[in-house]
Amino acid sequence: MVMRKGFISVVVVGILLMSVNMSTSETLSPLWSYRIENMTDFAMSRNGEYVVVACETGPLCEKGQYYVFDRYGNTATHGCIEGEITAVDVADNGAFFVGTRTGYYFSSSSGRIHEDTDVGSMFESVSVSEHGEVVVAGTNKEILIFDSNGIRSRKEVSWPVSSTTINDSGDTVVAGTVDTIFLYKESTNKWLEHQTNSKSISLAVSDDGNTIICGMGTGTIWILDSELRIQKGFPVSGLTSIAMTADGKYFVCGTRKGKIYYFNSFGEQIWSRDVKDTISDISISSDGSLVAVPSGNVLLFDSSGKKLQELKSSETIQRMYFSKFGEILSYITNGELIFLELSEQSRVWNYEQKLPSRKSIPLDDQLTEVWSYVGTPHSVITADVNGDGQKEIICSFTKEIVVLNSEGKVLWKKSFNFGPDISAMDVTEDFIPEVIVKSDDRRMGFYVFDGEGQELANHEFYRLWHSEPPPQGYDLGIIPLWSGDIDKDGVIEVICQLHAGYALNPRGFYAFEYPSFKEEWYYPVASTLATIHFVDIDGDGQVEILAGSEGPCNGRQVGSTDDCHAYIYAVTLQGEELWTKQIGPEGYKRIYIAVVDLNGDGNLEIVGGGWSFEDNWGTLFILDSEGNYTVGKENGFDHSVFLESIADMDNDGKLEILTSSPPSTLVLYDYKLREIRRKDVSITLSYLAKALVNDIDADLEKEIILTSDDKKLLILNNNLEEEWDKTFPSYDKYLKAAIVNLNRCKNYLLVLSDKLYAYTYSNNPQQPCVPWVITKQEKINEIENSLEEARKYLEQGNVAQAAEYVSQAEETYRSIRSEGGLEEYYKEIEDMKEAIKVSLTETPPPTTSPPTTTPPPTTSPPTTTPADGWSILEKTAVICSIAGFILAILVLLYQKMKKETRQEEIPSKETSLRKIIGEEPLRSDFEFDIAISFAGEDREIAEELASKLRTKDIEVFYDRFFKGELWGKELTKYFQDVYGPKTRFVVVLISEYYPIKDWTDFEFSIMREEAKKRKTEFILPVRIDDTEIEGIKPDVAYLDFQKEKIDGIVNCLIEKLSKPLDQKPPEEDEK
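Position 456 of the sequence shown, counted from 1, bears residue number 456 in my numbering, the numbering being contiguous throughout.
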């Protein structure tokens, strides 16, 4: 077993080290979880950014399936390797190693692939360095050391290598067999050996390579130095596993008897604990502040041995890992991969929800309203506040807060005599956040509630600066931002933002101890803080506070700064100033910032956007970690520039910057602030407008969810094109939205309007989800199996059964065809359908004995009788009788099926046969029965129409149904076929927007040319309003949408499609 050792010791902000109300037997809500069958091994990178999973079998492979997922559950890569996988590990950058019974596959940090599936020995253990530059792997014959060029060193051994470990840099490698410990140091290029006469079952090495801990099968622990000299040895009965901190000062071990021991580097026991089950694995954070143990459930202890939490698991935990800072815990059971985020190591506001929706069937699932809660909401957050494993929705209203479950049902509510604002933060060190309520009555009230609505503590802070609360109109408040044992004194501190309007004081950052509310420190500022980030900006291992601000010009001064300028502040967690940077000229200006690694060089940059309330000034710039301009120092605009989001919009591995400017312009920039794309949208963009980025529809592409103060919500694709829009009722607040995951496979869109609205997808199961790579391959396998069965039955002459399996293959193909790359299956299905048609025209004669026939009249010519006893006329009569019988049956079936409502189910043999031989009433020889042409403003109508037609088994072209197929194609060429010879009818949705759009004009020109070639009607107009368009004669009949609605249009189309075809699509040479 590969043991993960400790890492660089840092202050772990957000991980709480003293318990006030310790809660046990909770089920924390996972960040994500997957259902994966036949898992045999897994590993997580030190930083928690990657997970590699090995499976005995998978849908892609008979043996040796592996998957690599990133921190948000996206599939980074997957594949097959020959043989059973026996060992895996993964680096911080996604480099990974897979060992099998006969060979290995190594995806190195340089991107080079090294593979040998026939080494001739079994890989027993593997360990990868932090950045994947070095790998140590042990087989049953040798120790192998790899670098990016392949095998760098090998050491033959007499016995199988049972365990390996490697330090972060990869310059120290340790491996153990049944009787020897081996040490390799790159600096000396020498192997050292130490005879143990006992099998090493677990190894750990410190980052500097000076301390090595060996757990032996005889129940002995050895503490060795960098020369493999024993510093101390002592017995631990039933030893199973060990783990060590980064500096080697502390290590922990577990036993078969359910005992946990915590030692220092001298082998002195600090504490021990008894748990009920055998301890098969154990992990420790880099600084030793957290210990995780799987023992039935997951047990979490602090450095003093206090049990912080017990996390329920419904299945036996097989393997478990902590990330370097202890903020992420992942583990596998027999069939689930669980990824938990226990705390946040950093908190940045880039307005991207990185956790995507998970792709599932149907691929054309539509975003729909699933529930709403009456009342005008002010703010909303989501968190698992009661520890039930499900996230709750906490919403504030005028005088109350309400806690809802994911279905919109009230769990509890609390009323106040002030307007509440809400946060969720763990201040009791049980990894379950409490509900924090702040008052808007200028008393700076701070109220803490548990997940059941019980008040735990409260305090009013205004007395620190005012003898009485300021009068009405003088804004005064406190906002909690961060919690943790900052100064390592065993007491939780809470860092807050203080804000004041005309009251002027206080403004700045403020830290207090909880639950005493005793002041820890206060860092005053002149301007009002905005967009606050907690992040290690300079890479020193310590989290810093970065904040933008606004200058309201109220007359406040602090030192050399005033509140008629905007600044960027950098402050330590101890309240000490790092630097302050003035941005822009004097006046009522605001600076929003984001903190990201823009260019992928491993260093964080500060991206800023500036705007003025008069909308006559703006800026866009990039600073380094010390506040110096790198790009955009001279960038000045004569209008506001609102920094909306920073995300990899086009999935090219590089970040883009999204900004907006009044009145309605979106602009996308690259990491050097070069403009990529500009687009005017159909809503007002002011400082009240907000953009969120997320792959909400699970198409593996980012969407932009845009809200504005004109009560309209837009969803745009990554090309800034509008895909979905919704106007909400007017009310006295501006529209807000949030993208959240409520422990389901697809995300929710929560909209705060006159009510709280919840939107999601109809097919949205509870986690754990099935990774799409597995679902897609399973569907492909279903297609292949159905076609194989069809071939078998066709060879046997059972045409009806063959038709059923071909129909199943076609239905499965349709469910995933928008993925693209499935052309071979489409061709094979069409070939099978043609083979079935041919078989029906070549029915063989019956195998029963021929009947006795009366000789023909003597006046007739003599009939020639073949050797089989059947005359040509007799054969012809029998064949005609059989054909007539089949035709009669098909006619009866057709008439019966016309009277029945179409059901979404596996087709019967008769239905399958009729579809294939061309008797299906809603099918044609065209690729599409219907194509829809519409302006973007009418998409909601087009989408509803297309979806209804699909439920009637009508082949409809609607762009969103074919995202994957359209990706990368030349649309002008593709649409010439879709709105031309490949489609039987085109439905045109005519509105005031249709004549003024470039794409609709292009589509309509194609239709007009195609209509000239048709013998019957081709263009079917539907009027949404009274607009008339050139090209449709006044006497052409149309449908009125206001009268017919969607259902009326669908019924008319079914009637039109059920009529016999007077034409077939043009042949290829005619096209």
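Hints listed in this document are in silico derivations from the structure and should not be mistaken for laboratory results.
Warning: the hint list may mix true and false statements.
[Stated by the list, open to error] Pair by pair, the computed Cβ-Cβ distance ranges are: (1) 217 <-> 57: 46 to 56 Å; (2) 973 <-> 375: 19 to 29 Å; (3) 276 <-> 967: 34 to 44 Å; (4) 459 <-> 56: 32 to 42 Å; (5) 524 <-> 653: 35 to 45 Å; (6) 672 <-> 276: 35 to 45 Å.
[Stated by the list, open to error] Simulated crosslink set (SDA-like; lysine to any residue; CA at most 20 Å straight-line): (7) 1045 <-> 1033; (8) 776 <-> 1048; (9) 633 <-> 679; (10) 155 <-> 110; (11) 948 <-> 841; (12) 792 <-> 729; (13) 776 <-> 60; (14) 413 <-> 353; (15) 488 <-> 518; (16) 755 <-> 791; (17) 755 <-> 518; (18) 755 <-> 729; (19) 948 <-> 792; (20) 232 <-> 208; (21) 257 <-> 348; (22) 518 <-> 558; (23) 399 <-> 754; (24) 276 <-> 313; (25) 726 <-> 982; (26) 259 <-> 192; (27) 518 <-> 497; (28) 581 <-> 538; (29) 581 <-> 600; (30) 726 <-> 942; (31) 581 <-> 632; (32) 679 <-> 638; (33) 679 <-> 710; (34) 141 <-> 121; (35) 488 <-> 346; (36) 232 <-> 257; (37) 259 <-> 276; (38) 1043 <-> 941; (39) 654 <-> 313; (40) 354 <-> 575.
Idealized CB from N, CA, C, for every residue including glycine.
The hints, checked one at a time:
no.: 1; hint: 217 <-> 57: 46 to 56 Å; result: 31 Å, violated
no.: 2; hint: 973 <-> 375: 19 to 29 Å; result: 52 Å, violated
no.: 3; hint: 276 <-> 967: 34 to 44 Å; result: 54 Å, violated
no.: 4; hint: 459 <-> 56: 32 to 42 Å; result: 56 Å, violated
no.: 5; hint: 524 <-> 653: 35 to 45 Å; result: 42 Å, holds
no.: 6; hint: 672 <-> 276: 35 to 45 Å; result: 58 Å, violated
no.: 7; hint: 1045 <-> 1033; result: 23 Å, violated
no.: 8; hint: 776 <-> 1048; result: 36 Å, violated
no.: 9; hint: 633 <-> 679; result: 25 Å, violated
no.: 10; hint: 155 <-> 110; result: 24 Å, violated
no.: 11; hint: 948 <-> 841; result: 36 Å, violated
no.: 12; hint: 792 <-> 729; result: 60 Å, violated
no.: 13; hint: 776 <-> 60; result: 10 Å, holds
no.: 14; hint: 413 <-> 353; result: 27 Å, violated
no.: 15; hint: 488 <-> 518; result: 16 Å, holds
no.: 16; hint: 755 <-> 791; result: 57 Å, violated
no.: 17; hint: 755 <-> 518; result: 39 Å, violated
no.: 18; hint: 755 <-> 729; result: 9 Å, holds
no.: 19; hint: 948 <-> 792; result: 36 Å, violated
no.: 20; hint: 232 <-> 208; result: 19 Å, holds
no.: 21; hint: 257 <-> 348; result: 44 Å, violated
no.: 22; hint: 518 <-> 558; result: 24 Å, violated
no.: 23; hint: 399 <-> 754; result: 16 Å, holds
no.: 24; hint: 276 <-> 313; result: 15 Å, holds
no.: 25; hint: 726 <-> 982; result: 33 Å, violated
no.: 26; hint: 259 <-> 192; result: 33 Å, violated
no.: 27; hint: 518 <-> 497; result: 16 Å, holds
no.: 28; hint: 581 <-> 538; result: 16 Å, holds
no.: 29; hint: 581 <-> 600; result: 24 Å, violated
no.: 30; hint: 726 <-> 942; result: 14 Å, holds
no.: 31; hint: 581 <-> 632; result: 14 Å, holds
no.: 32; hint: 679 <-> 638; result: 18 Å, holds
no.: 33; hint: 679 <-> 710; result: 19 Å, holds
no.: 34; hint: 141 <-> 121; result: 7 Å, holds
no.: 35; hint: 488 <-> 346; result: 18 Å, holds
no.: 36; hint: 232 <-> 257; result: 23 Å, violated
no.: 37; hint: 259 <-> 276; result: 9 Å, holds
no.: 38; hint: 1043 <-> 941; result: 14 Å, holds
no.: 39; hint: 654 <-> 313; result: 38 Å, violated
no.: 40; hint: 354 <-> 575; result: 30 Å, violated
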